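Student: Protein chains in written order, with my numbering: chain A, 1 to 218; chain B, 1 to 246; chain C, 1 to 205.
Bear in mind the hints are in silico, worked out from the structure with no lab data behind them. Bear in mind that the values here come from a model prediction, so they are computed numbers and not experimental data. Be careful, since some hints might not be right.
[Said to hold, decoys possible] Think about it this way: if two alpha-carbon atoms lie no more than 35 angstroms apart in a straight line, the pair counts; the simulated DSBU-like pairs of lysine-lysine are: (1) Lys214/A with Lys153/A; (2) Lys214/A with Lys56/B; (3) Lys56/B with Lys153/A; (4) Lys214/A with Lys95/C.
[As the list claims (entries may be wrong)] To list a few chain A residues with every Cβ distance to chain C over 10 angstroms, as calculated: (5) Val37; (6) Gln40; (7) Gly156; (8) Leu161; (9) Thr188; (10) Leu217.
[What the hints assert, rightly or not] Partial selection, computed: residues in chain B whose CB lies under 10 angstroms from chain C: (11) Glu47; (12) Asn152; (13) Thr155; (14) Arg225.
Just so it is clear, CB atoms sit at the ideal spot from N, CA and C, and this is done for glycine as well.
Here are the chains, one letter per residue:
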Amino acid sequence: MIALLTRDMRLAVRAGGGFGLGLAFFLIVVVLVPFGVGPQSALLSRIAPGMLWLGALLACLLSLDRIFALDHEDGSLDLLATSPLPMEGIVVVKAFAHWLTTGLPLVLAAPVLGVLLNLPGPGFGWLVLSLVLGTPALSVIGTFGAALTVGLKRGGLLLSLLVLPLYVPTLIFGAEVARRGAEGLAVTTPLALLAGITCGTIALLPFASAAVLKVNLR
Amino acid sequence: MNLNALWEYANPKKFIETTDRVLPFVAWSAALLLAAGLVWGFFFTPEDYRQGSTVKIIYLHVPAALMAINAWLMMLVTSLVWIVRRHHVSALAARAAAPVGMVMTLIALATGALWGQPMWGTWWAWDPRLTSFLILFLFYLGYIALWEAIENDDTAADLTSILCLVGSVFALLSRYAVNFWNQGLHQGASLSLDKEENVADVFWYPLLVTMAGFVLLFVALVLVRTRTEIRARRTRALEARERMQA
Amino acid sequence: MVLRVTDMGVARGGVPVLEGVSLALGPGEALVLRGPNGIGKTTLLRTVAGLQPALGGEVEAAPESLVYAGHADGIKAALTVVENLHFWAQVFGTKDISRALETFRLGPLTNRQAGALSAGQKRRLGLARLLVTGRSVWLLDEPTVSLDTDAVAMFAGAVRAHLAAGGAALIATHIDLRLSEARILDLAPYRAAPLAVEDFDGVFL
């Protein structure tokens, strides 16, 4: 399993796309926001937490179809499925690799982009914390969506359609933590709920993803 | 009663034979109940002292909303039956129910907007309940799209069943998340749709009749669509058979 | 017996294609599956490998003894030859890749990126993967695609060495591998009969 993780990381670094594309997309979304809503800094700082969360979510969505599609095309997925690794383990490793290559860079870039959107001072810490807690759930849920659409020719659009409604609770609690943090309100409740959702999805969803992947390989 | 006998109806042939007899009865009672309930509700109930005649949209709105949720519950049950017992009729019934449920959700949303405009002065508010229905609509959309996208019937049935299970959990989570989210914004919901809990009996009885009518309408539509799905599937099977012999 | 398949039925896309297939492989034995396109060779191999469920029948094999190689090699273009093999060695819990490199004469290519290999070289790399897995029963689907005559002989040699070491192989192929010791199983007699029309109302396929 560690071998699979190192291989995926190595591929992401060498083949490009993994780190770069998601980050560039995040940057562009954040740059476009002021063009859409106007440059008033009071308005921007009010919507900054939500916009940053939304941008991170969309950037995450962008790279989901690569989780299994490449391995499916070149036959690695068949070979992995007949290897001693349990399918659940493969799914977890894939989700973790996706988080390391997409989620983590987004978390690190978010405070920098927060400056562009005039995010209030106390908000930076909470924004990063909420993204650290929330992005793993985005990766795990996204892996489920990727497993559902792995065999399909034009699965990309369908993948978004399937995954976005599943992202609703994570987005609500994550953005709420960031917003309350930025406004200096108490964040304990949404923070606990966000952590709960992340833990729950990590614990349970890989079983569903593995089952779905097995169905798609036959 | 022997419960095992129930599974006999999961045989496609048996299902078609039984529904041949049941369907006209269900369809006619649905039509009668709907006609009776709607006429009673629209023309023979007093107007609300505050809302005037707009309150009467309740006879479409509430039953549609009820069936929007019940359709998903039915899909959840039939999906479970497919996963556990692998009865094809069960999977096809789930497939048949989805568009009906989606249309019910749309009706509930549209009538809600029509009702909300005179009442709250807005077509749409991000009220927790409205938002939940919008999310439910998205779940229906994804579920149907997945069915349509996959060619192999059994694969599609497996994948959509699991999506239905996972989706149900997330739909429930979203419901609570949305409640939390809106309170967070507005410090207590300013708009409440909890009308039916305090409607007077004059409104309540015709509402019950239309609700029963909608339930039967849903059953009738799902039966018709399931029969269509069964026949479509049999056609595909026959074609596959011919290709093999050729 | 290292692999025994009894009375197996397999389906492709929900349509039964083969039924009543029985075969057995002992240590040191190879079996070549023959039959026209579409008869279900690939489906049978995938079913034996556990990638898809059988319609009926059983597969008996020692646990963790099977390894499957399909049409696609599962090679990552961005990794070098050695990295590709090392990865599969780690997945299967083995260490030694030198024998695989040697058998398929990949020595001069070790640090080349797999994306820069020719089709035949990629195929050799894909077959070399079989050696690093350390599994005893090979399930091979058209292993000789894009191999030249020399490479086919190289592959036949690898199979022979594997059999000599007590392994076994189930191979679906069209070309003659010149493996004199291999038995041949023609799948044509096992073609699934279509369901009778009168049964058809009750079931789907």
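Student: Next step is simple, just say for each hint if it's right about the structure.
Tutor: We went through each hint and held it up to the structure:
Under the criterion of a C-alpha separation no larger than 35 angstroms, the hint pairing Lys214/A with Lys153/A is consistent with the structure, at around 18 angstroms. For the hint linking Lys214/A to Lys56/B, the alpha-carbon distance of about 51 angstroms lies beyond 35 angstroms, and the restraint is violated. The straight-line distance between the Cα atoms of Lys56/B and Lys153/A is roughly 48 angstroms, outside the 35 angstroms bound, and the hint therefore fails. Proximity of Lys214/A to Lys95/C is assessed by CA-CA distance (about 28 angstroms); at most 35 angstroms being required, the pair is judged to hold.
The claim that Val37/A is not at the interface with chain C holds, since no C-beta of that chain comes within 10 angstroms of its own (minimum 41 angstroms). Distance to chain C confirms Gln40/A as a non-interface residue, since its nearest Cβ pair spans about 46 angstroms, more than 10 angstroms. Listed as outside the interface, Gly156/A is consistent with that label: its C-beta sits roughly 21 angstroms from the nearest C-beta of chain C, beyond the 10 angstroms cut-off. In this structure Leu161/A is separated from chain C by more than 10 angstroms, as the shortest Cβ-Cβ distance comes to about 25 angstroms.
Its beta-carbon lying about 43 angstroms from the closest one in chain C, Thr188/A satisfies the requirement of being farther than 10 angstroms from that chain. Residue-level check failed: Leu217/A sits 6 angstroms from the nearest beta carbon of chain C, not beyond 10 angstroms. The interface hint given for Glu47/B is violated, since its Cβ lies 54 angstroms from the closest Cβ of chain C, which is over the 10 angstroms cut-off. With a least beta-carbon distance of about 5 angstroms to chain C, the hint placing Asn152/B at the interface is held under the 10 angstroms criterion.
Restraint check, Thr155/B versus chain C: the minimum CB separation of about 8 angstroms is within 10 angstroms; hint holds. Among the interface hints, the one on Arg225/B is violated; its C-beta lies about 17 angstroms from the nearest C-beta in chain C, farther than the 10 angstroms criterion.
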